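Engineer: Residues per chain are reported as follows:
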Amino acid sequence: MTMINDQSYVRTEMLGEKSPPVSNVGIIGWMKNNLFSSPLNIVLSLLSIFAIYSVLAALLPWVFGGVWYASSLTECRAILFEIHGEATKRACWGVIRERFWQLMYGFYPSDLYWRPNLALVWLFAAIAPVLFNGLPKKMLLVSVAFPFVAPWLIWGGSFWVPVMAFMGFVVGFLVHRITSKTISSLVGIILGVLAALLWWLLLSGPIAEMMESIVPLEITKVGSRQIGGFMLAILLGITGITLSFPIGIVLALGRLSNLVIVKALCVGFIEFIRGVPLITLLFVASVLLNYFLPKGTQFDIILRVMIMITFFAAAYMAEVIRGGLAALPKGQYEAADALGLDYWQAQRLIILPQALKISIPGIVSNFIGLFKDTTLVSIIALSDPLGWVKLIQGNAEWNGVIWELYGFVAFVFFLFCFGMSRYSMYLERKLQTGH
Amino acid sequence: MKKSVFIGALTVASLTAGIAAAGTLDDVKARGKLNCGVSTGLVGFASPDANGKWEGYDVAICRAVAAAVLGDNTAVEFVPLSSKTRFTALASGEVDVLARNTTWTLSRDVDLKFDFVGVNYYDGQGFLIPKSMGVTSAKELDGATVCIQSGTTTELNLADYFRVNGISYEPVPVEGNSEAQKLYLAGACDTLTTDGSALAATRAAFEKPDDHIVLPEIISKEPLGPLVRHGDNEWGDIVRWTLNALISAEEYDITSANIEELSKGTNNPEINRILGTEGNMGEMLGLDADWAKRAIMSGGNFGEIFEANIGEKTPIGLSRGLNALWTEGGLIYSPPFR
Ligand SMILES: N[C@@H](CCC(=O)N[C@@H](CS)C(=O)NCC(=O)O)C(=O)O
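As they're listed, the protein sequences go chains S and U. With the numbering used here, letter number 287 in the first sequence gets 287, and the count goes up by one each step, no holes. Offset between the second sequence (1-based) and the numbering used here: plus 1000.
Quick list of in silico lysine-lysine cross-link-like pairs, BS3-like style, CA-CA up to 27 angstroms:
#1 S/K372 x U/K1182
#2 U/K1053 x S/K221
#3 U/K1131 x S/K89
Calculated from the structure, these hints are not laboratory results. In this text, all values refer to a predicted model and were calculated from it rather than measured experimentally.
Based on the provided sequences and hints, a complete structural model is requested.
Structural biologist: Shown next as structure tokens:
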């Protein structure tokens, strides 16, 4: 006890926490730790900062100091010259203002823009039930109607055409229903498909025309060559993506199947399509098909291109999904067997949900690649955004505008692709059921 | 032909396979539209304006043909084609006429099996260089890098010219006119070579046109004109005589201003034959009597089309030169309407 008493001073309360030295925390500390921690890092950091500064110092005034209100390059340059004494260091955004709608919709008639817009909104409504659970069952009707209504909205024409196309499925289904009950299920499937094909090829056209003459329900027709700009890119991208996904799944399953012919067909298809560049397929669609089809045949150019893009994307999709299937442990397959599930049940309930989840990053990067590949169609005389850049430059007013147009197209593409990749990350997190 | 997208090729194929290929004229009439191949944007020759309406010197030919055949100069589907894809598009039937500053050469006429129906612009290949290069003649271009469009006559002429003069060059192949401009301005090539008309248009768009000159040498003959496929001569005749009608209209002073007046009948029988008040020229072509009148009204006569699109009052500022009428010292000449 005495020992303690000898001490002259004892602190009885704790000292409050001191904030760490300024040099270690906050922005200064962060910089010290991350940018200037060693002589080499100091040099590299300074160089990088200088590089970033010089890029931004040129880019920001160019972007934000640009002229929006000029109706030709000469006029824009004159305005810039008047303000700044020189005309090259600022953008001429007037071209984007004047040609924005052309870059977006091509030659599509401007009073009908609502139609493709409605189709796009419908698309989101149609895929909602797939993305979110807990929506009313009735929403599915919207999804079922989509593939029939959307082309009608975009190309116009008689409403009876999509109705009759839909009837084909009904006819096929009914025939299948009746024959599979009375004869056998395989015969039922074959007869059903045959009936639907017969309906589409022979009956649906005349009946649609007949109905049209009784109850005319026609909206203005828009030719395929009127469709251009980002609308074309989105149209091709979305059809490619939505159609290639189911076809890709079927091809992947086919490739892993035990049935020899199915397997050979799938392998042949995948390897053939993957062995040919997309541009070749597009050329086949645009010119070669014309040699084989009889003269005067009208086989819509966009439809031809859609088919080719879908084939192409499906072959790649199949391989991505096969990767997902291969990554599943064998136990999952065996578990499905042990539960007594048949092939389709096992695929639907156990295998595919897991395999697809694994494949999401691959699938999405396929989608993004496909979307960007749609710009290749400018080579076969369809006017996608890049095709439009050239068309606009061919005008006396805007001949010589380069960076503004390409920059704008790149920016819009970036927005779409970035959005898609963010969405895929969100989807991955949402589907994460954790191991 | 009213066929839905859903029926697709199959039905159409099976229905029409037996019938022999109909003439292009019938196809165009059935379709109600003329498919016309033009360039993918070349100043003065073909490009869509801010309202999406195509205009230009080549476009005017397409419109005149559509007016003659279909009676409506807006009934044209313009198909923008690059130098490389233009011939396949024409051969495969994707377009009915190609009016895309295309040079008439033997191999294109004979080997590729096309018919050039005439010449609407007599051009020649030249070189554009920056003044600062200090070169005054193409012969001094030894060792130069040259921007050049692939798939064109330009490419072949260049090789010939440098070989004849025993000098060397390094080609920088580019895909289209705008790309060529970009590379040239960025200094990726010392000189840009192509048809003189396109060089003038390109130079006009530069920020400082005076810093660039077109060298005096014209190294080739480039008769540019519309073309059609071999084998359908009736169709070729229609396009040929539409062009001739425009040329004759200039020669006989038929303009878009006085054509209504003249078509009431004049005492010049040639004018009357062109405008269909005398003779049966239209009938011979399988068209009606007013075909040429409509073609001329579509965009004016040859001279009016020239002045409106590429003439001296436009930014491109080309003078008539070789493209004046034969009566004014040029080469533009139409056979008689008789
Ligand atoms: N007259 C030459 C050249 C035609 C050509 O391609 N010209 C270029 C520049 S003069 C052009 O039209 N470019 C526009 C485009 O890229 O569509 C030919 O017939 O081969």
